[in-house]
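Each protein sequence line maps, in turn, to chains A and B.
According to this note's numbering, the first sequence is numbered sequentially starting from 506.
According to this note's numbering, the second sequence is numbered sequentially starting from 422.
Hint data in this document are derived by calculation from the structure and do not stem from the laboratory.
Don't take each hint at face value.
As the list claims (entries may be wrong) - What follows is a set of in silico ranges between Cβ atoms, one per label pair, in the way DEER data are often shown:
1) B:Gly583 to A:Cys771: 42 to 52 Å
2) B:Gly583 to A:Leu581: 26 to 36 Å
3) A:Ile780 to B:Leu637: 36 to 46 Å
4) B:Ser508 to A:Phe622: 49 to 59 Å
All values derive from a computational prediction rather than experimental measurement.
Backbone N, C-alpha and C fix where the C-beta goes; we use that ideal spot for every residue, glycine too.
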Amino acid sequence: MGIELLSFLSKRKKHSGNEDSRLPTIEPEVVPEYNEGFQEGENKVIRLVSNKKVNKVYKVTGIEDVASKNNWKAWLYLAPVVVLISVFLLYPLVNTIFISFAKNYKYATGQFDGFTFENFGVIFGWVTVGKGGTENYFLKYAVPNTLIITFVTVPVSILLALIISVALNSIKWFQKFLQTVFFLPYVTNAVAIGLVFSVIFDKAGVINFLFHSNTTWVFGADRWVAMIPLCSYIVWNSIPFKILILLSGLQGIDKQYYQAAQIDSCPKAKTLWKITVPLLSPQILYLMITSFIGSFKEYTSIVAIFNGPGTYGKASESDPNMETIVYYVYDQVEKQSTSLAAAAGVFLFVIILAFTFLQFGVSKKRVHY
Amino acid sequence: MAKEVLEAEQAVNYIDFKNVRVNPNITLSIAESGKTVASIKRREKIIHIVTTILTYIFILALALTVMFPFYWMIITSLKQNDEIMNSTQTFFPNIVMWSNYVYVFETFNFTGYMFNTIIVAIFSTLGTLLTTIFAAFAFARLEFKGRDALFMIFLMTMMIPGEMMVISNYLTVNAFGWIKDQTRVDAYLAMIVPFAVSVFHIYLLRQNFKQIPNELYLAAKVDGKSDWSFLWKVMVPLAAPTLISITILKFMGTWNSYVWPNLVTKNEDFRLISNGLRGSAFQDVDRGVTEYGYQMAASFCVTVPLFLLFVFFRKYIMKGVGRAGIKG
Chain A
506 MGIELLSFLS
516 KRKKHSGNED
526 SRLPTIEPEV
536 VPEYNEGFQE
546 GENKVIRLVS
556 NKKVNKVYKV
566 TGIEDVASKN
576 NWKAWLYLAP
586 VVVLISVFLL
596 YPLVNTIFIS
606 FAKNYKYATG
616 QFDGFTFENF
626 GVIFGWVTVG
636 KGGTENYFLK
646 YAVPNTLIIT
656 FVTVPVSILL
666 ALIISVALNS
676 IKWFQKFLQT
686 VFFLPYVTNA
696 VAIGLVFSVI
706 FDKAGVINFL
716 FHSNTTWVFG
726 ADRWVAMIPL
736 CSYIVWNSIP
746 FKILILLSGL
756 QGIDKQYYQA
766 AQIDSCPKAK
776 TLWKITVPLL
786 SPQILYLMIT
796 SFIGSFKEYT
806 SIVAIFNGPG
816 TYGKASESDP
826 NMETIVYYVY
836 DQVEKQSTSL
846 AAAAGVFLFV
856 IILAFTFLQF
866 GVSKKRVHY
Chain B
422 MAKEVLEAEQ
432 AVNYIDFKNV
442 RVNPNITLSI
452 AESGKTVASI
462 KRREKIIHIV
472 TTILTYIFIL
482 ALALTVMFPF
492 YWMIITSLKQ
502 NDEIMNSTQT
512 FFPNIVMWSN
522 YVYVFETFNF
532 TGYMFNTIIV
542 AIFSTLGTLL
552 TTIFAAFAFA
562 RLEFKGRDAL
572 FMIFLMTMMI
582 PGEMMVISNY
592 LTVNAFGWIK
602 DQTRVDAYLA
612 MIVPFAVSVF
622 HIYLLRQNFK
632 QIPNELYLAA
642 KVDGKSDWSF
652 LWKVMVPLAA
662 PTLISITILK
672 FMGTWNSYVW
682 PNLVTKNEDF
692 RLISNGLRGS
702 AFQDVDRGVT
712 EYGYQMAASF
722 CVTVPLFLLF
732 VFFRKYIMKG
742 VGRAGIKG
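In isolation and in its complexed conformation, chain B is listed as follows:
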């Protein structure tokens, strides 16, 4: 009995109508359901259009929600404080107050914080790049005792939350004399040196270096090149995209870093941009209210450089984030 059914099933010829052109004069009636190919196709088309429209509505609504804080930041930065505190909120400023920006640039030490941030970003990025290139080269190309064990230890340190390190690092930096009687250079050193190495970036670059074929290495050896010149003349140029990604992410990390600079800097003038933004009180002293207009103008000024970076290096940032998934 079962065998017969099986045979009967095999005897049926299925036709894939999507790939077979049906003569338009023939109406294929699908048994007993009363549907025709045309009606099914029409129905599918309608369903497709409806779902597409719904998807677009859904996506656009969410995109607007995601963009809303940016929009609100910009329009609030252009409003008068009375308008901000009013019970009826406006979605466009009644009077566009460009003077908010003028005020922010006069009172908020934007250039000073910017300078600190850029100095720290440049040097910690340079440090990270150098240490990362050397270590990745050693792990990828050189053979030495205990290489795999050491690499395992490095990878395992990624599991440790950085917050645990902060406690001891603060003591270490203090022991180096970078906190007491802090000079500008001390403050920079305290913010740069602990972050001049990144295990994840070593891992990333090692994988990249490993993909470079050994033939190139052997060819360089035959030509009498040393490891050193092979590293700088061949490997570094070939790994340039990864290095650019590392640079940008590191820069963004410094731009965002708040905790550590806040902890180790004792002078307001040495702090980074995030600290400056949070620490600056745009308060109306007479009334004791926060001047949101000024605050938002300052926020906008802090956000814009990152946006510009994103516009110019979108490809590298998205690729780098996809791989690294961490800021800095």
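Just chain A, same shape as in the assembly:
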């Protein structure tokens, strides 16, 4: 359905004037004029005999006529949704963009003095705040951490999910059972399993025991080392959904392609790369977009594992060295510096939009629908 949504969206854009492009449009039949042997003034009966079975065509007509008088009724049905979406989706969007550009915005009264780019300047450390210091956590930690998480977990999890689902698709016994096993990480509480990961990666934990090392992974760890438990948790948590999507895609691939490859004695790796991957490309694109967006918004996993923005937990004197962009936003909301939160939020929005369009652009060449 997700893929359907993508193609639906792209189709929508192309001919938005069309009522619903998904419905088969019925072309008006062109009736050729039958003139042969027909003379004016002479009555001649022509019997038209068809030996074709008439295909019944269900055409969407008439409904509009019945319902169109109920214009106000439709708005009555829509009223709750329109109200909720305006209050909790559209207004916040506009308001957040507004706050991010407002100077000295007071959230309690709504007062502000004109528009500036100052808030963005502050989060990027170009403008000094308060007692002459600069706010440097955003560029130092939040943005790089988010990018690292994204560019590590998205490819790794998609690749792993692809391998697992190809393997799952090729086996006969226990396929359903194993599929369920691989889906289990999805139905968990993110915080609960985050706690489990921090126990597993504890200094006296099972990972250090198994690999005979003495590394500090989580509490008090180096930022780069602490990325390993974090990324492995995110990958573990995001794989089930990807396997589900890819497996349903794999099961929809026509067996003939593989038989053709077999006749040509094509090696397995080449079959995977030249047949499976291209035919799965809509699913892969969908997963890329959703998981890119998802990993840009990583927050709960960090709270769950580290219990705070940095490897020292909530200790306020330490650097928030595991912070992500979204963590920064929430942190600023809690500190009631709404302007900075709004600026960071708008920055995130722009990045996500840019990435999404970039991927759509690339996909036009690479994806075979």
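Since the structure of chain A is already known, use the hints to place chain B on it.
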């Protein structure tokens, strides 16, 4: 020259040996390679068996890795803290400490958080279902000015990261007076109302409603039924699987929601289960170490209800996730 080659190629008759039964007495020798059909078949069979075994080993190893955190959670929840902190880790508890669970139920306000979570889940699910059904019906069956434009706007809101909304929504909820001097009802309202609508679910249900044939609608019209009764008597029952999926996903979403409840609730007693789990410090005050055994026991208690839900509604969850791909 080229033409001759082409003709020669066409003259060769290929035989598909897979579909032709070859007399076992005949040994087909494939030119110059020295292979026979039997030897090729044997070789293929061996390769097939080997790859199958390797695939199974690979899959099972990965499955064990995936299951490992669950296993570790359960056994750690049954261990003594000394055993957990020991340099030699055990893969089964030396002494099974059921008392960890007793302790967790006595100190961790499990039932309180559970109650909050269930209340919020029920009401936000009900709200979502109602708004979704109405909106999907209007978009799928009714005709009004600006319908497509409005639907496009709705779809576009899905692109906006929810984190952007949090900032303003916090101010909005605050303006509604649900945060200052918060009562229990205020806290619930603040957690329910902003999530009583989901654009994706509207999209999902609209697609489902559109598949219901128009003949049914016309028949209902002929029988003098109103739109309202058609919606509840025909469309909702027909779309029941989608509605069940929406319900379960929404419930799972509430079970997992952490950020928003953490932001809007001011009293520990009003929080949801995820907040309670993260906020509860199972610490040994004397030694300043976290009591992992208790922590894991609490984690297990939080995970089990979701597992039970999964066991009973596996089909709906997997179908719903495949379509929606989002929790909540």
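Are there hints from earlier that the structure breaks, and if so, what are their numbers?
none
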